[in-house]
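Residues in the sequence shown are numbered consecutively from 1, following full-length UniProt numbering.
In short, the hints are calculated from the structure, not lab data.
For glycine and all other residues, C-beta sits at the position ideal for the given N, C-alpha and C.
A hint or two may mislead.
Said to hold, decoys possible - DSS-like, lysine-lysine: derived pairs with alpha carbons at most 30 Å apart:
1) Lys643 <-> Lys600
2) Lys572 <-> Lys600
3) Lys226 <-> Lys277
4) Lys670 <-> Lys643
5) Lys670 <-> Lys152
6) Lys572 <-> Lys277
7) Lys600 <-> Lys152
Said to hold, decoys possible - Per label pair, the in silico range of CB-to-CB distance:
8) Ala920 <-> Arg966: 21 to 29 Å
9) Gly577 <-> Asn525: 17 to 25 Å
10) Asn655 <-> Ala336: 27 to 35 Å
11) Thr101 <-> Gly577: 22 to 30 Å
12) Asp71 <-> Asp371: 55 to 63 Å
13) Ser376 <-> Val999: 53 to 61 Å
14) Glu415 <-> Glu262: 54 to 62 Å
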Amino acid sequence: MNEYTTGPTIEELLDSAVEAINRQDHGSARSLARQVLAVDRDNLEAEELMAVSDNGSVVQRLTLLFVDVVDSVGLSTRLEPEMYSTVIRRYRDEVHRIVATYEGHIGAAQGDGLLITFGHPTPHENDAQRAVSAGLDIASEVAALSRRLRRKFGFGIEVRVGVHRGVVTIDPVRDEVIGVGANLASRVCDLAEPGTVAISEAVRRVLREDFTLEPLPPRSVKGFDKPLEHFRVLAERTEAPLLSGPLVGRDEEVAHLRRCWEAAQTGTLAVPGVVFKGEGGIGKTRLADAAIAMARQSGAVVLGIYGSSFHTDIGLRPIRRLLEATSGIARDSDPAQGLRQLRSEVIRHGLDPEQAVPLLAPVLGIAPGVDYQPPSATAGRLYDQIADTVRRYLIAATGDGPAMLVFEDVHWYDEDTVEILQAVLSEAPGRLMVVITGREVPALTHCTTFELTPFEDHHSDLLVTALHPDLDDLARRAVVERCDGMPLYIEEVVAKMRSAPAESTETGNVPDTLYEALVARLRLNERAWHVIEAAALIGSQVDQALLAAVVELDRRAIEDILDELTRTRVMKPFGNGGWRFRHELLREVAAELLPPSARKRLHTRIGTALVSSAADGTPEWPLVAHHYEQGEQFDEAADSYEKAAADARRRGALNEARSLLSRALDSTAKLPPDTQARDAREVAIRLERGFLGFAAAGHASVDAAADFERCLQIIDNHPGVEMFATFSALWSFFASRGDLRRSAQLVDALRTNIADMPQWYQAVMDAVVGSLALFRGELNDARSWLESAAAAIAEMESPEIDGDWYAPNDPVGGMYALLGLTRYLQGDLESAVESFAELEKRCQALIFPHGPFTECYGRVQEAVVRTHAGQCAQAMELAGRIAEIATENGLDEWVMISATAAANAGAKAALAGPQPDMAALGESTATLATLVQVWRDFELKAFLCWYDAGLTAALLGAGDVQGARRQLDMALQMSAETSWHLFDAELLRLRAHTQDSAVDRDADLENALELSRTQGAVVLELAVAADRLRIHGDRCRADLEQVIARLPADQDWPALAEARALLH
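I would like the entire structure built from these sequences, with the hints used as guidance.
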């Protein structure tokens, strides 16, 4: 601040006094110091200059940086001395490296603090800037060091940095800097928050526009009477764009827009897209506004789809906001009302509501069961259908005549919205023009791209003149020089000058930085500032009702403030009841000005308001979660992310759902440790994420298994629903990988802790026990358990258990599938068919992913039965149905399994009849061999022995005895390792046909016959007995007659018919 209208300033008097002392002219120095004290009686630097003695020391006005470790005493007591010494050494090494870069000088250490001078011994014209830049680098590098320490050792280190510019006495011999300036640097450091840089008013005065600062309330400090004015350095200030002004300097771009619009009006626009790309504030939105004006002057339809920096990871969020606007769906609309409005909207544009509404409703977050049923397709297929419907809606909503779609800020779009944008560009009719803006724009086709650059000086001058015609030449030139051709910079600087015309006649009064101009516009009054800071955190588009709820103002009050913000060009109306900042950078600066405590408090209030304002409690849960997370309300954040994941799952977006659950886990990790509530939430999240992992990637998902293993660690041995859910998932995982030992251990543990569970738990556990018995080849026991479980389930009328079972395979559906297989293996095909019919009925009642996953599983078991029975055509039809279900629902694992089943059935069909079809056999055998090896490589061993048997039979049919023997050896070894003995009798029967000697052949057949009888595998016994009759004739007839006699009389299938024919 100037103390005189003419003559030297206080700063200049102090500088002259310092120079006088260093010339050893102490009399002049004291005279100059007295002049300062005559104006500013409390000026400490002048008092120190009065007291300086003639002792050879150097007095100098320097910029000083003080950096100190936060709570260094506490850190030293918590760490071992060697560790503490190492950490402090690393911190000092970082400081020395950074200070050397900026050519500062480190004096003697003061404890763990370091005092650094800039301007001595090497002076620079920008020492203050160097000091502050060094301080920012120190804070940043120490924060990075702290993160590494936390990851590795579980503790961190923080520093404070203070910068002051003042008079000090330098002792060059001792390399000491003493005096009030050094003391003030230390006190400014004390005022800094951990990890930040604070500066004094003396430094702020010389920094000009180089840094972004946050003014802090003056505070009293030790040893000084007056409160100390200080500032937090937020960052080095980058070029920030200003709000768009009159359209100048974009003649080529405007001409292209005009040509495109003229072509759209005649329906002949060949390249629909126009992309404006460039940094923030370069004028992209201004050009988009020009295009919109052209369209509206023609009376054309214009629709805008806007990106938001808060919502880059929320799928189709820009589309949702558009649908809400065009359908008239308000934040407080209940789902039924919203659905009616959506239906009216799609009908208005000629779309079939029965097809479009179920696909657009999930985009709006409207759950099924309101007034629509979810489409049958899910997962990847559902996503494609939703995207296609959105594309068709966008084009339909533009009508039949010339129209324009404006996609703004695409650098904040999620990838699904980008895909829809590309689809619109690819299929846009000749009447539709598409305008796109973004700082960075993804690769798009059917577009003409303009990369915008800063104005030349004459264009900048034209813009300044258009904004402020009365500005004099000197001030106008200053604006042009300072703003570097950025249109938005120019507009903001001029706007501030127009707000204070009395100060605008001198170039020195032109704002030094864009940041100051933005802050000046935002800082209207206390009441308006509360609205601004809330709006800044809500996002780029602000719902008025939500804003009023957050700031707790009634309708009249909020409207008055928004009118004021409109007049001062801070905000502008947008859509129906919405508001936007006139530029995103205004919002960003407003958000930066908030102190952390206020920011956290506001984020929490926004999250709460979003929930309470939703009519039925179904807001945009990812957005709610974001605000709770920023407000450090981590329990609420985790809960909201879970709800968001449930919405994504209903849309078939499994990857998005899993990502949201991962974020829920991140929030859960920040809850107080070792609490029951935290453990319970982590288990619930991991159960759901693991379940979706199995559904998406199949049983090969080791990540899903890791989630369930972690649940086991947390649960320990505490019985309950969570333990059952975890064990149910893990037993399925281990069984699929052939690890029956681990599966049995889990099942035993479940049965031990099942007493207090609902009735259906017991039936399901009986089915699981029966399943394991089946896999081990204990068919009599398996059938007893499975039949008992089926009877119990029938009495309960097929209970609803979807939400309590975290294996992807529904246990009731799986029970029917394995019961069908067991019944067949015991010779009762008709009963097996009944089981498969019950399976289909069960699957029709299940939701995704249990329904399609279980149906695939059951159809595979039926394909095994049909193939073994010789009904190969039916088996191949089943394989085709499995492929359809799997493809429709994005179940890639089942696509491969269906191919395996088809190849197996195809190989057996090729061998049927008197003359094998060798060409078909060769094709099926090659496919089957490849797929069997893939499953072996994936270590998915469930039922692999069945396909090993099928491949062996195919190789034998092709005459490759050695290849068949190798396959059998691998299969039998795997059987021994895993205890999966279900098809051992079949493998032994086939191995008999690879033996060189009759003795070994007969031994294998004898063993196979005995094993099949012991296991109760009647149809496998039938195959062995038939082979023995073919080889040995009538002396083995009795065995075949006996096994056929044990079969129900009404049974008939091709393999049985062949066996009967041998007896005639």
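Structure versus earlier hints, numbers of those that do not hold, lowest first: 3, 11 and 14
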